[in-house]
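Undergrad: Use the sequences and the hints to build the structure in full.
The sequence shown: position 163 = 519 (this note's numbering), numbered continuously.
I should point out that these hints are in silico values taken from the structure, not numbers from a laboratory.
Do not rely on the hints blindly, as some may be mistaken.
[To be verified] List of simulated lysine to aspartate or glutamate pairs, DMTMM-like, C-alpha gap at most 20 Å:
(1) K441 x D377
(2) K476 x E442
(3) K476 x E460
(4) K382 x E405
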Amino acid sequence: IVHAANHVLRNLNVDGLCAFDLRTSKPDGEPWDFSCRSDRQEALRYVKEQKPSWVVGSPPCTAFSRLQGLNFPKMDPLRVERILKEARRHLHFVISLYHIQLAEGRHLLHGHPVRASSWKDPWMLRLLKDNRVGTSVADQCMYDLTTTDRDGNQVAAKKPTKWASSSPQMLARLSCLLYTSPSPRDQRG
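TA: Okay, structure coming up:
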């Protein structure tokens, strides 16, 4: 799985791509885990020193999902608070990496389900207000995402996903021309 995530599944034909998620490996071969402070520090150091052309962030979206939101009222409030705190820490950390990328003229790509509450997080809203960042939306079935139906057959899984990026070309590629909201900078030509 790690090999596929680091090679086949992560191959967007982009040189200098650097993905930080549980399915990609750190330089030591272990998976990234931003619940560990040392991994956050290592990723920050990597971005500052290696200056990757791209940073791809995909923090866990479970805590931001609408379904999980329906479960929260049934759960212990302290557990919900811990879950949301950890989720926001991951999200805010990758957003801090995105700001480094933008400040140094490099690229970012962020993806979460289109209806995830993370898109309304104040840190995310600030990022999306940056005129160097645009968004697009596509169903992941366009990229061969499948699920198993009741009869055990593989069928297309729609999963609408929203992407934020500093690259209008990447947004166009990921949107499959379904919907793209370019940043104001991109509209100027």
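Undergrad: Now, for every hint given, state plainly whether the structure supports it.
TA: Evaluation of the provided hints:
Using a Cα cut-off of 20 Å, the hinted pair K441 and D377 holds, with the two alpha carbons roughly 18 Å apart. Restraint check for K476 and E442: satisfied, since their Cα atoms lie roughly 17 Å apart, inside the 20 Å limit. The straight-line distance between the Cα atoms of K476 and E460 is roughly 25 Å, outside the 20 Å bound, and the hint therefore fails. Distance restraint check for K382 and E405: the Cα-Cα separation of roughly 15 Å lies within the 20 Å cut-off, and the hinted pair is therefore satisfied.
Of the numbered hints listed earlier, the single one contradicted by the structure is hint 3.
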